[in-house]
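Student: With chain A's structure known, arrange chains B and C on it following the hints.
Chains as they are written, first to last, in my numbering: chain A, -14 to 139; chain B, -14 to 139; chain C, -14 to 139.
Read the hints as simulated data drawn from the structure, not as lab findings. The reader is advised that the hints may include incorrect statements.
For identical chains, the list gives no copy identity; a pair is met inside one copy or between any two copies.
Said to hold, decoys possible - Okay, derived cross-link-like pairs now, SDA-like style, lysine to any residue, Cα gap no bigger than 20 Å in a straight line: (1) Lys95 / Thr5; (2) Lys111 / Ala6; (3) Lys111 / Ala139; (4) Lys95 / Val36; (5) Lys95 / Glu46; (6) Lys111 / Pro7; (7) Lys(-5) / Val14; (8) Lys95 / Val8; (9) Lys95 / Pro7; (10) Lys111 / Asn41; (11) Lys111 / Val12; (12) Lys111 / Leu29; (13) Lys33 / Asp89; (14) Lys65 / Ser(-13); (15) Lys111 / Pro34; (16) Lys(-5) / Glu46; (17) Lys111 / Arg16; (18) Lys95 / Ser(-13); (19) Lys65 / Asn19; (20) Lys111 / Asn19.
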Amino acid sequence: MSGTINARLKDLSITLPPATAPVANYVPVVRSGNLLFVSGQICLADGKPVVGKLGNDVSVEDGAAAARLCGLAIIAQVQKALDGDLDRVQQIVKLTGFVNSTGDFADQPKVINGASDLMVEVFGDKGRHARAAVSAAALPLGVAVEIEAIVEVA
Amino acid sequence: MSGTINARLKDLSITLPPATAPVANYVPVVRSGNLLFVSGQICLADGKPVVGKLGNDVSVEDGAAAARLCGLAIIAQVQKALDGDLDRVQQIVKLTGFVNSTGDFADQPKVINGASDLMVEVFGDKGRHARAAVSAAALPLGVAVEIEAIVEVA
Amino acid sequence: MSGTINARLKDLSITLPPATAPVANYVPVVRSGNLLFVSGQICLADGKPVVGKLGNDVSVEDGAAAARLCGLAIIAQVQKALDGDLDRVQQIVKLTGFVNSTGDFADQPKVINGASDLMVEVFGDKGRHARAAVSAAALPLGVAVEIEAIVEVA
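Isolated chain A (complex conformation) (with noise of 0.2 Å):
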């Protein structure tokens, strides 16, 4: 796909997973106005949840992938949404990121960092969000993390 952002992508050697439609009566984005508002996305890797507890089998590392998995899933809906066209995204206005962990758990910002991070190397300055980072006492399928979005397009 061509584009300014397509193309960053492609620099930063980053493939984007399928963006896929949900099995039940919601859907993956919704567009009111000049908002986008992206549906909880869950790890995946290659189709797969990514699967655990931070404070239990999930290191904070590994979390943070977990997170960059949810991000890139994100960017993939907002891509489908806008046609393919990344280029249209004027800001990535809200990260709402829940951790899947033990009651004990408190490094919840370091693990959506894989998100944010990612938002920025991917949008630049249009890529630095609005966030909340807290934990979640389960989630769908026992994945690690899920993260939901809000995102601004022209």
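Tutor: What follows is chains B and C alone, placed relative to chain A:
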């Protein structure tokens, strides 16, 4: 009440619960531009909280029924905010569903489907929303499900 | 600083904390259209995290005080984003409050009231917001409360 959506509610034999006011310094719905931000609605049956924890004493089926109750409360709040005229709903933009569960529960999506399915039953394609479904360690009054919403109106 | 709201803060003897910058690839506030999206603010007292878990070692009263600290941090970030002029706040649109709690805690609303009450004290009717209050399994640095906000500005 008149209107296409209110008629559909009647056809579906859906009776909305009362849209209750919070007993604190917040409000059920705030409008900003064309968006209604709907406060988190807990599952109430005949005004009484439906309590319990998924993965422990609440089945996925009962959880989905609880999520549907949250969805009904959301529609009731939107109806009230729109002076009864649900035909002004342009799109259910986003649902964020919190499931009260044990740490090893993995079927959050099946639970929140109870609300997602309701939105499509009632609003058709305008009911197809972006969504996140995660577990909360606990919820107000011990309820099984809480769901908040963003709704675009005309 | 001048302005009606800054004067009200003085009348209420409220001193805002410093609006600190995150030490990661995200920002405290992103503006999109007329909305400010404020990153999740944790409870800090004199810059030190207020840690603990509701239902265990933090009382509801202390939790509400912690939520108020989150609210002060939100106002500080909004003040900074508006170059000091809090009179440009049109409406506190939404607060999402995450309470670090045990699995059987049920008073999330009373905790988050600490922030909700503050918003109405400071902004009057413009402070009445939509809200969700849920428990997180854990929070960054082990803090008791984290709250994010959406604010409409002129």
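Student: Hint by hint, say whether it matches the structure.
Tutor: Now the hints, each set against the structure:
no.	hint	in the structure
1	Lys95 / Thr5	between (27 Å within a copy, 18 Å between copies)
2	Lys111 / Ala6	between (26 Å within a copy, 17 Å between copies)
3	Lys111 / Ala139	within (12 Å within a copy, 23 Å between copies)
4	Lys95 / Val36	both (18 Å within a copy, 18 Å between copies)
5	Lys95 / Glu46	within (8 Å within a copy, 30 Å between copies)
6	Lys111 / Pro7	between (27 Å within a copy, 17 Å between copies)
7	Lys(-5) / Val14	neither (24 Å within a copy, 30 Å between copies)
8	Lys95 / Val8	between (31 Å within a copy, 10 Å between copies)
9	Lys95 / Pro7	between (28 Å within a copy, 12 Å between copies)
10	Lys111 / Asn41	neither (35 Å within a copy, 41 Å between copies)
11	Lys111 / Val12	between (25 Å within a copy, 11 Å between copies)
12	Lys111 / Leu29	neither (25 Å within a copy, 29 Å between copies)
13	Lys33 / Asp89	between (27 Å within a copy, 18 Å between copies)
14	Lys65 / Ser(-13)	within (14 Å within a copy, 39 Å between copies)
15	Lys111 / Pro34	neither (29 Å within a copy, 30 Å between copies)
16	Lys(-5) / Glu46	neither (24 Å within a copy, 45 Å between copies)
17	Lys111 / Arg16	both (18 Å within a copy, 12 Å between copies)
18	Lys95 / Ser(-13)	neither (33 Å within a copy, 38 Å between copies)
19	Lys65 / Asn19	within (16 Å within a copy, 25 Å between copies)
20	Lys111 / Asn19	both (15 Å within a copy, 18 Å between copies)
Comparing the model with each earlier hint shows violations of hints 7, 10, 12, 15, 16, 18; every other hint is respected.
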